[in-house]
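Q: Spelled out from the first residue to the last, the chains are:
There are 2 protein chains.
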Amino acid sequence: MSQQPSPNRKTTDAAASTGSRLDSYVDRYATRTHGMTASEVRSLFAVASRPEVVSLAGGMPNISGLPLDVVGALVNDLVAKRGMTALQYGSGQGDPTLREQICDVMRPVGIVAHPDDITVTVGSQQALDLVTRIFIDPGDVILAEAPSYVGALGTFRSYQASVVHVEMDEHGLVPERLAAAIDAVRAAGKPLKFLYTIPSYHNPAGVTMTPGRRAEVLDICRRTDVLVIEDDPYGLLGFDGEVPRALRADDAEQVIYLGSFSKTFAPGLRVGWALAPHAVREKLVLAAENSVLCPPAFSQLTVSEYLAGHDWMAQVKDFRETYRERRDAMLEALDDLMPAGAHWTRPSGGFYVWLTLPEGIDAKAMLPRAVTNRVAYVPGTAFFADGFGSRSMRLSYCYPTPERIREGVRRLAQVIEQEMELRATFGAWGAAQRPGLDAPGPDQS
Amino acid sequence: MSQQPSPNRKTTDAAASTGSRLDSYVDRYATRTHGMTASEVRSLFAVASRPEVVSLAGGMPNISGLPLDVVGALVNDLVAKRGMTALQYGSGQGDPTLREQICDVMRPVGIVAHPDDITVTVGSQQALDLVTRIFIDPGDVILAEAPSYVGALGTFRSYQASVVHVEMDEHGLVPERLAAAIDAVRAAGKPLKFLYTIPSYHNPAGVTMTPGRRAEVLDICRRTDVLVIEDDPYGLLGFDGEVPRALRADDAEQVIYLGSFSKTFAPGLRVGWALAPHAVREKLVLAAENSVLCPPAFSQLTVSEYLAGHDWMAQVKDFRETYRERRDAMLEALDDLMPAGAHWTRPSGGFYVWLTLPEGIDAKAMLPRAVTNRVAYVPGTAFFADGFGSRSMRLSYCYPTPERIREGVRRLAQVIEQEMELRATFGAWGAAQRPGLDAPGPDQS
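One line per chain: the protein sequences are C and R, in this order.
Here the working numbering is used: position 15 in the first sequence is 1192, and no number is missing along the way.
Here the working numbering is used: position 108 in the second sequence is 1285, and no number is missing along the way.
Calculated directly from the structure, the hints in this document are not laboratory data.
One should not assume that every hint holds.
Listing some non-contacts, in silico: residues in chain C with all C-beta distances to chain R over 12 Å [to be verified]:
{"id": "1", "residue": "R1354"}
{"id": "2", "residue": "A1364"}
{"id": "3", "residue": "L1369"}
{"id": "4", "residue": "L1395"}
{"id": "5", "residue": "E1430"}
{"id": "6", "residue": "G1537"}
{"id": "7", "residue": "P1545"}
{"id": "8", "residue": "R1551"}
{"id": "9", "residue": "G1604"}
Distance windows between CB atoms, simulated [unchecked claim]:
{"id": "10", "chain 1": "C", "residue 1": "D1513", "chain 2": "R", "residue 2": "P1315", "range": "50 to 60 Å"}
{"id": "11", "chain 1": "R", "residue 1": "A1364", "chain 2": "C", "residue 2": "P1228", "range": "52 to 62 Å"}
{"id": "12", "chain 1": "R", "residue 1": "P1285", "chain 2": "C", "residue 2": "E1229", "range": "39 to 49 Å"}
The C-beta atom is built at its ideal place from N, Cα and C for all residues, glycine as well.
Bound conformation, chain C alone (with noise of 0.2 Å):
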């Protein structure tokens, strides 16, 4: 079909074009939208579609591993006998079998939970926005590691609140940070709504709280009353046939746990949920009908029936032995090529590596040019509400091939060692300052 440039579009481009001053719906926004600004992941997409360039900025799960014809074969079956059922509406907390099925998924991790108590959400975000739709008021607090996943704080700022981060190490939270933090919000007489957490395979820490610390965490927020939203997303994705116990298999009253299928299965379903106290159940279905009526059946009638008949658990074996492989292929290259002074996480699973720069060496000041040397990342500043973490960068390796990997280290080798030259000669505010670099970067673009 074509398309056909509206006669009010020469109007709307040029308003786009001068910027918000030509907004003239500006003030009628309401004051949550302030902290809605354009996510660097979002814009990061664009630029790690152009195929010229190595994107270890993406969080895209490699799903070429899929059997398509065992899903193609199943979808076509969905529909030719429950296909009444998988294009109609549904129930607003999901469908009944498929929330008895998470249940068997949660197991690995330690979970027993009750098909009642899930809530099937349109991806782990739309968990992650009901959970704070519910719990948020203006200026509450969240306590959120440093770093944490810039999704996640795009939905915290949305809703106003006031992101506190504690501090983590390569053991993952560390819990006389976290009770300090807990201390210091009460004191100043905030409320603290609750701690948000990533466990397993940070992202985009890449590192893994240990079970002395995970027992540690939960006792702090049981002490202090404290609710733990975990998120879990790649709890199944560890490289040493290791699944890391669940917070939530240990407390089931302290801690609102969020899955997903986007990195077990596939993102394009948009197929998450969130395993939550009874009551705090009741209020996310209430507010997931205001969002969206219900989840598509379409997808979620396609992940039962993927469940149900295929061995979804050996597909996640062949998905950690991928990642392990490129994890691998990854760690290598920046043994091999960084130069002195970086330093990087060694990520058990998941997707991610966390890399802090040599000091003095700006992450986003330097983008536009690893972007020219063909190579991308997502700058640490983006995994921090406070704007620290500008020494730092996110490097994803679940997407590129081993190859592909090892070459767009190479490249962002070259461009540190660049930077760290240009830092020798004008000195490091030097190196931040001069012209040009101020302009925005592609991922602002």
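For chain C, the structure is supplied; the task is to place chain R on it using the hints.
A: Same frame as chain C, now just chain R:
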């Protein structure tokens, strides 16, 4: 797969059965949750599913006419040929090809649009949610027809909007009342954010705004600078071959148009859209990303392939015929069977008849007796933000067969007559207040 009770099940069940006093999270919820109550529509899905009840309550489209073989084959083909796109993350704004096709789908209602001004959403319910999210601060005023769509009212309430209803008659929204309402809100110093209207084949009122009224409404909104949210899920479902011209067709700056494939194709895909001026569209995409990252590529490409490879307009014509036949069955049965004093609208498209009961009869109080007599409807109060509508109800003819519709109306007429007899014996208020009827109806369970 089997389900296994959680060890915490007993606790949470106990908490649920004793009500919200034992909701230990009650002090932590956001203020907005106070406006989130179980929608009468959701719970009526449960009533509607009991086979002995003729449900004139639900708004489920009759998708039994869909060519499942065609849909199954195209989805199979989609996964085989474009699986890497259909199963992957996509753009937050929605698939570009689908957005072009949506421009074509809007041509019959007179809209000439650019694909870049379209945001694909998870059903048009999400479009409603996003529009409300970007415009409404707590206390802001939304004008809506009296009655209005229950799902919109729920969303507006969840953002703590103040809804002011504007009178409508058989020709749609009454322009003089609209102008007066705008003046009154402004005079009271309240921030008026937009008018929400369903001009064509109104849900639940079953009326259509005349062309003259449309021009007047647009004039008033332009003159007073009030944004219009035009919700148009039924625009192509007129029974006389006529397709009403959208408000958006005559104003691209003052009107945000919401569309949906739920009634022209299938609701289980959850694909709708918003067409908005450029600056607003940018905000909508940011809000969509915070909410769900991106709409399901799987659903979007299914719709896209269906539109490209199938005579979708012929299918819409089939749907029109089906619904026209059912509308005829309902109006004939109402004409034949309803007692004097009841009156109702005569829809020329869409899914709904709005029936007003003889004076002194309360539709909500009567509902338990109606369900006992094996017929269900939605009480009129569900469609008002302010408690009005107790004498009215929404009757849907979209889902049951003509025979079932006739039987449902027969049962309903019996119940109304019984109610009238009681009223004649005990007086109007006796009928509404006698013991037992204040118990929650099935739509509250």
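Q: Cβ-Cβ distance between A1364 (chain R) and P1228 (chain C): within 52 to 62 Å?
A: holds, 60 Å
Q: Non-interface claim for L1395 (chain C): all C-beta distances to chain R beyond 12 Å?
A: The assertion about L1395 (chain C) holds, with a minimum of 15 Å to chain R.
Q: Find the nearest Cβ of chain R to the Cβ of R1354 (chain C) and say whether that gap is larger than 12 Å.
A: holds, 23 Å
Q: So R1551 (chain C) supposedly isn't at the interface. Is its beta-carbon more than 12 Å from every beta-carbon in chain R?
A: holds, 22 Å
Q: Measuring from beta carbon to beta carbon, are P1285 (chain R) and E1229 (chain C) in 39 to 49 Å?
A: holds, 43 Å
Q: With 12 Å as the threshold, tell me whether L1369 (chain C) passes as away from chain R on beta-carbon distances.
A: It is violated; L1369 (chain C) is separated from chain R by about 9 Å at its closest Cβ, not greater than 12 Å.
Q: Starting from the range 50 to 60 Å, see whether the pair D1513 (chain C) and P1315 (chain R) falls in it by beta-carbon distance.
A: holds, 56 Å
Q: Minimum Cβ separation between G1604 (chain C) and chain R greater than 12 Å?
A: holds, 38 Å
Q: Determine whether the non-interface label on P1545 (chain C) survives the test: each CB of chain R must be over 12 Å from its CB.
A: The claim holds: P1545 (chain C) sits with its nearest Cβ about 23 Å from chain R, beyond 12 Å.
Q: Run the C-beta distances from G1537 (chain C) to all of chain R and say if the shortest one exceeds 12 Å.
A: It holds; G1537 (chain C) is separated from chain R by about 33 Å at its closest Cβ, greater than 12 Å.
Q: Hey, does A1364 (chain C) actually stay past 12 Å from chain R on C-beta?
A: holds, 19 Å
Q: Say whether it holds or is violated: E1430 (chain C) keeps its Cβ farther than 12 Å from all Cβ of chain R.
A: violated, 7 Å
Checked against the numbered hints given earlier, this structure breaks hints 3, 5; the rest are met.
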